[in-house]
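Sequences listed follow chains A and B, in order.
Taken in order, the first sequence gives residues 1 to 284; the numbers are from this note's numbering.
Taken in order, the second sequence gives residues 1 to 248; the numbers are from this note's numbering.
Certain hints may be false.
[Claimed, not checked] Straight-line distance between alpha carbons at most 27 Å, and here's what the computed DSS-like set of lysine-lysine pairs gives:
1. B/Lys-133 / A/Lys-269
2. B/Lys-119 / A/Lys-197
3. A/Lys-197 / A/Lys-239
4. A/Lys-12 / A/Lys-89
5. B/Lys-75 / B/Lys-115
6. B/Lys-133 / B/Lys-119
7. A/Lys-80 / A/Lys-12
8. B/Lys-244 / B/Lys-216
9. A/Lys-244 / A/Lys-32
10. B/Lys-244 / A/Lys-263
11. A/Lys-239 / B/Lys-133
12. A/Lys-89 / A/Lys-123
[As the list claims (entries may be wrong)] Partial selection, computed: residues in chain A whose CB lies under 10 Å from chain B:
13. Gly-42
14. His-118
15. Ser-122
16. Ser-124
17. Asp-184
18. Val-185
19. Thr-186
20. His-211
21. Gly-250
22. Val-267
23. Leu-268
24. Arg-270
25. Asp-271
Read the hints as simulated data drawn from the structure, not as lab findings.
Even glycine gets a Cβ: it sits at the ideal position worked out from N, Cα and C.
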Amino acid sequence: MTLLDVQNLWVKFPTRQGLFEAVRGVSFSLGKERLGIVGESGSGKSMTGRAILRLIRPPGIVEADHITLEGRNLLTLTEKDMRDVRGEKISMVMQDPKFSLNPVMGIGDQIMEAYLVHNRVSKSEAWRRSVEMLEAVSIRDPERVMRAYPHEMSGGMGQRIMIAMMLIPNPQIMIADEPTSALDVTVQRQVLDIMDKLVRERGMGLIFISHDLNLVADFCDRVLIMYAGRIVETCDAGKLHEAKHPYTQGLLNSLPRFDQPRKHLDVLKRDAAWVNAPDEEGAA
Amino acid sequence: MSMIAIRDLNVWYGAGRDLVNAVRDAALEVTPGESFGLVGESGSGKSTILRAITGLAPNWSGHIEIAGQTLTPGKRDREFYRRVQMVFQDPYASLHPRHTVDQVLGETLHLAGLKGIDKRVSQLLDDVGLGSKFRFRYPHQLSGGQRQRVAIARALAGEPDILLLDEPTSALDVSVQAEILNLLTDLRDEHNLTYLMVSHDLPVISHMCDRLAVMKDGEVLETLTVDALRAMEAQHPYSISLLKASVV
Ligand SMILES: Nc1ncnc2c1ncn2[C@@H]1O[C@H](COP(=O)(O)OP(=O)(O)O)[C@@H](O)[C@H]1O
Ligand SMILES: Nc1ncnc2c1ncn2[C@@H]1O[C@H](COP(=O)(O)OP(=O)(O)O)[C@@H](O)[C@H]1O
Ligand SMILES: [Mg+2]
Ligand SMILES: [Mg+2]
């Protein structure tokens with residue numbers, strides 16, 4: 001089942017050198033799956049995620065044939081309707097939870113506030129539900145965390161709290177932009193396992209943006225590889241290592257391999273043709 | 001003789017209620033020409049060990065020896081900074097935004113008391129694979145990888161024996177990381193350098209180093225060769241869990 005369908009998406013920014021095309025005709029659809037978007041920095045991953053939620057501010061320009069969610073084209077919605085979409089249908093988790101949580105407000109108050117926006121219940125009921133949310137993201141002492149402030153949390157805890165808050169409205173789609181890139185490897189796994197469990201249990205669609213190929217290969221079902229604003233290749237995550245595009249192969253080969261020691265790493269040789277190669281259709 | 005010898009090292013920040021014992025009873029030894037890695041989760045004290053060596057963390061006790069010379073807490077002399085140089089994770093933060101590459105390198109060479117600065121600047125730029133067309137650029141006109149090359153050129157300016165590398169590629173794309181790691185491999189051969197390298201990335205450390213120490217909560221849990229690590233001979237449960245999380 002298709003949850004979201006993106007057709008021919010462009011994101012452009014006026015600059016002194018003319019229009020800069022950050023995303024150039026990207027098409028894909030998302031089902032109840034974990035869809036990874038990988039590519040080097042500047043390839044347009046974040047702008048793709050933000051454009052779906054119409055979070056690109058002027059003078060940035062977003063164009064597409066359509067971005068369809070439940071039969072509605074998000075590009076034609078009013079800003080008010082779009083706010084409801086952001087609150088209830090599609091949630092976004094960013095890289096650094098410290099920028100997303102309000103630093104001067106207790107964590108419990110923030111979760112309860114988010115809960116009360118979506119549910120007409122008493123404060124004590126909101127507290128109880130908030131504690132449950134924290135338990136769902138494997139926070140062991142939720143009562144203490146409810147009383148704490150964001151700066152008292154480690155990165156891994158902060159990111160779990162963000163995920164808990166994003167799940168309150170029960171969204172159908174979660175867009176996670178480098179959600180674990182600021183975390184230690186061991187903590188990364190824990191946060192991913194939690195996201196995985198929630199996505200499965202709730203039948204959500206996940207767009208997982210990351211620059212880490214191995215992580216995406218391991219965690220997602222399907223992967224879009226972006227280069228210079230385009231999707232150059234789509235593969236099953238389990239078959240990423242059989243990728244055909246020379247850019248994808250080049251990225252994989254440039255990684256140090258624990259099991260294959262060698263003196264020099266392969267260096268990516270860019271081909272000017274990659275920039276203008278036709279976009280690969282990322283249909284589900 | 002070892003190039004770097006550390007024993008019973010304790011390093012702390014702050015005092016009283018704010019006291020943080022960042023490194024506790026650490027020991028390690030690096031031989032000349034060797035590359036030694038420090039791995040562990042963030043906050044485990046890896047950077048603090050480098051900071052104690054360079055004098056950036058002034059509160060320490062124990063024994064630090066560089067090429068047979070015992071260090072004392074407090075200021076390092078000019079000769080120390082010629083021999084021992086550091087490269088940081090974020091080259092943008094460590095380069096002056098209003099100084100061109102030429103100024104950065106020229107000034108470093110001047111402070112090291114070296115002559116023939118003009119020729120040396122172009123040599124350094126060649127050494128790190130940038131070439132002279134980058135000579136008059138400002139940091140904001142360089143990519144992340146190019147900035148890291150400038151930071152490495154600056155570290156090489158005084159012809160050091162030891163480079164302390166603190167997550168030198170953690171902020172870079174994997175394709176750029178490969179270029180910088182290859183550069184570091186070649187420079188080590190060409191200039192007979194000894195590396196002490198910090199990273200949270202076990203495959204990166206395994207690629208670059210001969211031996212490594214695994215740190216947690218300020219302590220060195222275990223020191224082993226990369227070959228032993230590859231043969232899954234790590235002893236400490238934490239090293240094993242780190243290994244499992246890193247090898248997909
Ligand atoms: N406001 C802006 N003005 C001009 N260019 C921008 C702006 N925001 C982003 N870009 C450019 O768009 C490109 C894609 O950015 P982004 O989607 O953030 O990349 P990433 O794949 O690293 O997430 C980059 O080259 C970036 O510099
Ligand atoms: N300037 C400082 N003041 C107080 N505590 C510090 C300071 N720098 C580091 N620390 C603390 O020392 C410990 C070790 O930090 P660090 O050596 O930077 O770890 P790593 O490099 O392994 O991530 C951490 O608990 C950190 O919070
Ligand atoms: Mg991004
Ligand atoms: Mg550090």
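The hints, checked one at a time:
1. B/Lys-133 / A/Lys-269: holds, 21 Å
2. B/Lys-119 / A/Lys-197: violated, 60 Å
3. A/Lys-197 / A/Lys-239: This hinted pair holds, its Cα atoms lying about 22 Å apart.
4. A/Lys-12 / A/Lys-89: holds, 26 Å
5. B/Lys-75 / B/Lys-115: holds, 25 Å
6. B/Lys-133 / B/Lys-119: holds, 14 Å
7. A/Lys-80 / A/Lys-12: Answer holds: A/Lys-80 to A/Lys-12 is near 24 Å, not above 27 Å.
8. B/Lys-244 / B/Lys-216: holds, 16 Å
9. A/Lys-244 / A/Lys-32: holds, 26 Å
10. B/Lys-244 / A/Lys-263: Holds, at about 24 Å.
11. A/Lys-239 / B/Lys-133: violated, 42 Å
12. A/Lys-89 / A/Lys-123: Holds - the C-alpha atoms of A/Lys-123 and A/Lys-89 are around 24 Å apart, at most 27 Å.
13. Gly-42: holds, 9 Å
14. His-118: violated, 34 Å
15. Ser-122: Violated. Min distance 39 Å.
16. Ser-124: violated, 35 Å
17. Asp-184: Where the cut-off is 10 Å and the nearest Cβ of chain B is about 4 Å from A/Asp-184, the hint holds.
18. Val-185: With a closest approach of 4 Å, the A/Val-185 hint holds.
19. Thr-186: For A/Thr-186, the interface hint holds, since the closest Cβ of chain B sits about 5 Å away, which is under 10 Å.
20. His-211: Since the shortest Cβ distance to chain B is 6 Å, the answer is holds.
21. Gly-250: holds, 7 Å
22. Val-267: Result: holds, 5 Å to nearest chain B Cβ.
23. Leu-268: Result: holds, 4 Å to nearest chain B Cβ.
24. Arg-270: Hint holds; A/Arg-270 Cβ to chain B Cβ min 9 Å, cut 10 Å.
25. Asp-271: violated, 13 Å
In terms of the numbered hints stated before, the structure departs from hints 2, 11, 14, 15, 16 and 25, listed from lowest to highest.
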